[in-house]
Amino acid sequence: GDSVTQMEGPVTLSEEAFLTINCTYTATGYPSLFWYVQYPGEGLQLLLKATKADDKGSNKGFEATYRKETTSFHLEKGSVQVSDSAVYFCALSAGGSYIPTFGRGTSLIVHP
Amino acid sequence: EAGVTQFPSHSVIEKGQTVTLRCDPISGHDNLYWYRRVMGKEIKFLLHFVKESKQDESGMPNNRFLAERTGGTYSTLKVQPAELEDSGVYFCASSREGINSPLHFGNGTRLTVT
Chain A
-15 GDSVTQMEGP VTLSEEAFLT INCTYTATGY PSLFWYVQYP GEGLQLLLKA
35 TKADDKGSNK GFEATYRKET TSFHLEKGSV QVSDSAVYFC ALSAGGSYIP
85 TFGRGTSLIV HP
Chain B
216 EAGVTQFPSH SVIEKGQTVT LRCDPISGHD NLYWYRRVMG KEIKFLLHFV
266 KESKQDESGM PNNRFLAERT GGTYSTLKVQ PAELEDSGVY FCASSREGIN
316 SPLHFGNGTR LTVT
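Going down the list, the protein sequences come from chains A and B.
-15 is the number of the first residue of the first sequence in the working numbering; add one for each residue after it.
216 is the number of the first residue of the second sequence in the working numbering; add one for each residue after it.
To be clear, the hints were calculated from the coordinates, so they are not data collected in a lab.
Please note: incorrect hints may appear among the correct ones.
One side of the interface only, derived from the structure: several residues of chain B facing chain A at Cβ under 10 Å [as the list claims (entries may be wrong)]: (1) E257; (2) F280; (3) P317.
With a cut-off of at most 30 Å between alpha-carbon atoms, the simulated DSS-like pairs for lysine-lysine come out as follows [to be verified]: (4) A:K33 with B:K266; (5) B:K259 with A:K44; (6) B:K230 with A:K33; (7) A:K33 with A:K44; (8) B:K293 with A:K61; (9) A:K36 with B:K256; (10) B:K266 with B:K293; (11) A:K40 with B:K293; (12) A:K61 with A:K44.
Here are the simulated distance ranges between beta carbons [to be verified]: (13) B:T327 with A:E(-8): 20 to 30 Å; (14) A:A1 with B:T329: 37 to 47 Å; (15) A:S91 with B:T233: 45 to 55 Å; (16) A:N43 with B:G243: 18 to 28 Å; (17) B:T327 with A:Q29: 39 to 49 Å; (18) B:T233 with A:T54: 41 to 51 Å; (19) B:V227 with A:I93: 26 to 36 Å; (20) A:T(-4) with B:K256: 14 to 24 Å.
Virtual Cβ for every residue (Gly too), placed ideally from N, Cα, C.
If we strip away everything but chain A, and leave its shape as in the complex, we get:
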């Protein structure tokens, strides 16, 4: 079945450091790919998405490129802030039902 694999956390960085959170997927057909973010005490919210190969999703300084050849959708940000501390979930939707499948989440902690 469909699945998403994310790097283990927590990821701990200093402010202004470069961020990469790896995400790879297994899916039938051509899935849409998403990154969701969960800030402390809140629900998940969509951060960015890409719906076809080579698309780049971007939002709030975060970027991820849909790489079909490596089945990856890594999340990057050039300079993180303390306010980026959150849990990040990679997800895909594919197949007949298009019900999103989520990874286990990666906790990001950014220190001043």
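Starting from the known structure of chain A, arrange chain B on it as the hints suggest.
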């Protein structure tokens, strides 16, 4: 627009008791999903409603879980009787039509079964 709301935010019950979780989706969103996250693990799909109909309940763990969506509006998820392994955070999400419509999540209900 008002977001997805879930109630209660926390619930602590004893093994064998019953708990009912409620979700109010965003008005006009026909799709409603229930997910569960057990500590540190992936967010697992439980079931999907389209309006008042159960479209897919393949993720429901067993018959101790019962979900309803009255008149296609709010939804409830009842666990009866609760077991220790039911502990986790239960998320509700809603979305409009369309395969690429993003999910809008509630803040979740943290259920602890002791």
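Now the hints, each set against the structure:
Interface hint status for B:E257: upheld, as the beta-carbon distance to the closest one in chain A is roughly 4 Å, under 10 Å. Taking 10 Å as the C-beta cut-off, the interface hint given for B:F280 is violated, the closest approach to chain A being about 17 Å. A least Cβ separation of about 4 Å between B:P317 and chain A falls short of the 10 Å threshold, and the interface hint therefore holds. Restraint check for A:K33 and B:K266: satisfied, since their Cα atoms lie roughly 25 Å apart, inside the 30 Å limit.
With a C-alpha separation of about 27 Å, the suggested pair B:K259 and A:K44 falls inside the 30 Å cut-off, and the hint holds. Between B:K230 and A:K33 the CA atoms are separated by roughly 40 Å; this puts the pair beyond 30 Å, and the hint is violated. Taking the CA atoms of A:K33 and A:K44, the gap is about 13 Å. The hint holds against a cut of 30 Å. With a C-alpha separation of about 41 Å, the suggested pair B:K293 and A:K61 falls outside the 30 Å cut-off, and the hint is violated.
Simply put, A:K36 and B:K256 have alpha-carbon atoms about 27 Å apart, close enough for the 30 Å limit, and the pair holds. Restraint check for B:K266 and B:K293: the C-alpha separation of about 19 Å stays at or below 30 Å, so the hint holds. At roughly 40 Å between alpha-carbon atoms, A:K40 and B:K293 are farther apart than 30 Å, so this suggested pair is violated. Between A:K61 and A:K44 the alpha-carbon distance is near 9 Å, which keeps this suggested pair within the 30 Å criterion.
Take B:T327 and A:E(-8): their Cβ atoms lie about 25 Å apart, and the range 20 to 30 Å holds. Between A:A1 and B:T329 the C-beta distance comes to about 41 Å, which sits within the given range of 37 to 47 Å. Distance hint check for A:S91 and B:T233: the Cβ-Cβ separation is about 33 Å, which falls outside the suggested range of 45 to 55 Å. For A:N43 and B:G243, the Cβ-Cβ distance of about 24 Å falls inside the hinted range of 18 to 28 Å, so the restraint holds.
For B:T327 paired with A:Q29, a C-beta distance near 25 Å fails the hint of 39 to 49 Å. In this structure the hint that B:T233 and A:T54 lie 41 to 51 Å apart at CB holds, the actual value being about 47 Å. A beta carbon spacing of about 27 Å between B:V227 and A:I93 agrees with the range 26 to 36 Å that was offered as a hint. Between A:T(-4) and B:K256, the C-beta spacing of about 21 Å keeps the proposed range 14 to 24 Å intact.
Consistency note: the structure conflicts with the earlier hints numbered 2, 6, 8, 11, 15, 17.
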